[in-house]
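K.L.:
Residue numbers (this note's numbering), protein chains in the order written: chain B, 1 to 303; chain G, 1 to 422.
Note that these hints are calculated values from the structure, not bench results.
There may be inaccurate statements among the hints.
Computed cross-link-like contacts, BS3-like style, restricted to lysine-lysine with a CA-CA straight-line distance of at most 25 Å [as the list claims (entries may be wrong)]:
(1) G:K402 x B:K88
(2) B:K92 x G:K303
(3) B:K88 x G:K10
(4) G:K285 x G:K303
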Amino acid sequence: MEYFIQQLINGITLGSIYGLIAIGYTMVYGIIGMINFAHGDIFMIGAFIALIAFILFGLTGVALPIILFLVLLIAMLFTACYGWTVEKLAYKPLRGSFRLAPLISALGMSIVLQNYVQVAQGARVKPMQPLISGGLEFFKNSDFVVTLSYLQIFIVILTIILMIMFTLLITKTDLGRAQRACEQDRTMTALLGINVDRTISITFIIGSSLASVAGMMFVLYYGVIDFYIGFLAGVKAFTAAVLGGIGSLPGAMLGGLLIGLIETMWSGYVSIEYKDVAAFSVLIITLIFFPTGFLGKPDIEKV
Amino acid sequence: MSSDIRAIVKDSLFTGLISLALFGPIVGLKTFSKGAGLFVTPHWTPVIFLVLACTIGRFLIGLNSLRKKEIGFVSKITSKVSYYLDNKGKHFAITGVLFAVVFPFLPFTDRYILDVSIMILTYIMLGWGLNIVVGLAGLLDLGYVAFYAVGAYSYALIATTFGWSFWVCLPLAGVFAAFFGILLGFPVLRLRGDYLAIVTLGFGEIIRIILINWYEVTNGPDGITGIPRPTFFGLPFKKIVEDGENSFHTFFNLEYSTMHRIIFLYYLILILALITNYFTLKIRKLPVGRAWEALREDEIACKSLGVNPTNTKLTAFAIGATFGGFAGAFFATRQAFVSPESFTFIESAIIVAIVVLGGMGSQTGVVLASIFLIGITEMFRDLEQYRMIAFGGAMVLIMVFKPKGILANRKPTITLREHNSK
């Protein structure tokens, strides 16, 4: 029982990270109907920027909460630049082209970003000393002590705050309305005087910023990153988006949590070597049996 | 005019600013570990160069767009090439094959060039195999490397366990790969384009993870060593010959040379690739090939006309996988060593890139794209780290300027001729 609770806590933490990345996939898919294959690598770049910022601020000796806040802002800002540029360079010229073209372009972009970071930052793994340590302990009298670290609390609370802000942004502001309108019908939206290109750019900016927050959490949580983390995290986050129903924002978060839980439970109870197989199998099973996911709308093909 | 210039300058400066934000942290601040800690060193020189290059480049592009008579010169060339190939395609193909046949004996061909050519031919074969799935049937398969891996491992395991010869193992490798193709294809082929792509990617990764972790059979990450080299119909390419045994050079009374084996491998892969090509060209004209092309164009129309999409797609998948398996067996015998490292997702990406960049469905396009892409990575070999950047960049650029590939070929192989009513 105690072990289960521990895995539950770990799973929710991991799920928050996947959920934040999954939002980027689902938003982009919703608005332009493509799988942004480079999104996982945007997440990786976010993690690197956060790592560099942590090191720089670590030298100044500012208080920890201020460091966290500043790093968050910096990572979001710089990573958003990457998301924006990738869209402008690799996807915008291909809008309205045949279906596989943006996917291939995204694949190329993903290869470029990975190897660019490898060249610029080196291929070795980058370890970082833990910044937030300590935690709460439960069931001290039993054999297995359940730990809820402060870091896990920080990750979950930050995710909840971001999700609330993000939901408000999408449901209450003009920007969110324009975004939802573009999802439904881009031509009609353009006719009604909304700048579709700008809206799509902003979608990429928001998606990348959220991915960079996930990157920052990843650095803090695992304490070690390399240029290759984007691929696996990207595929798992995409699985999360599909599981929740691609195009649905609450679905992305729900899917993220589920994937996080499945992964930790699988490594806790079945086998740790095959934990990635679990994620891929879930993806395949979901797509075969309920391709619309939990909260997705059915996709009707019109002739 | 001056306002145009002002806009361009403004645009370039903005580009400069963005590129500063892009390259500043990642290129400008390099992390390095020292002892237990991680530190940062500044590298500002490359950042300054990159930012200047982006700004000036953007400015020049802006200036160029002011001159109105901009005609895409890339597309002009490729459309000419593609027109030429359409009309003179046969001559081109025959010349190409003839050139490939005499290639090992040309004066400038040395061991390195031949090795690269074998690699290019392997990719051409894989590209042609995948072209059946992607180009003809229109199913994007991002896990093709799984079949390549199945072929290589089944060859390696059979050859090392039972000691059977290459020519027995080769068809078996194909059969195993086809079996896996059906195994994967059966549940997933109902999915639409992008979903199918992601699921096949997942399948490729699952196969790789199993290869890494299933120690008892695959020997894990260490891979399988000591795979028998191919023999020339029973004659090995060995230098030292024991009594009563023949080797290739003693049988033909030649001076021993390591080149013999390389040349033999070259012809082997050439023949395998040509078989793939011949098979594809023929099957396109059969009912099943026509059904693939029809399915690619419109699945709903196909269903209404009584084509069973699942079976049709399944055959495409299985046949594509078989050729992947053959190529895998060749790979295993050439390397004499297989390990999961050779079958990463990037390999799948390269093969898909070759098919799509060449122009889906175009057999010649696959050849051009293989030579171009593998050539690029080979040219950048001295700059080891930069070659994959160049590779990915080429993928993006070709898609942006030529979204249908270098030689787009979506024309149905067989068309209904209109009646000329006179």
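K.L.:
Give a verdict on every hint.
P.N.:
Status of each hint after checking the structure:
1. At roughly 17 Å between alpha-carbon atoms, G:K402 and B:K88 fall within 25 Å of each other, so this suggested pair holds.
2. Distance check on the hinted pair: B:K92 and G:K303 sit about 34 Å apart at the alpha-carbon level, beyond 25 Å; violated.
3. In summary, the hint linking B:K88 to G:K10 is supported, as the alpha carbons are separated by about 17 Å, within the 25 Å threshold.
4. Taking the CA atoms of G:K285 and G:K303, the gap is near 20 Å; set against the 25 Å cutoff, the hint holds.
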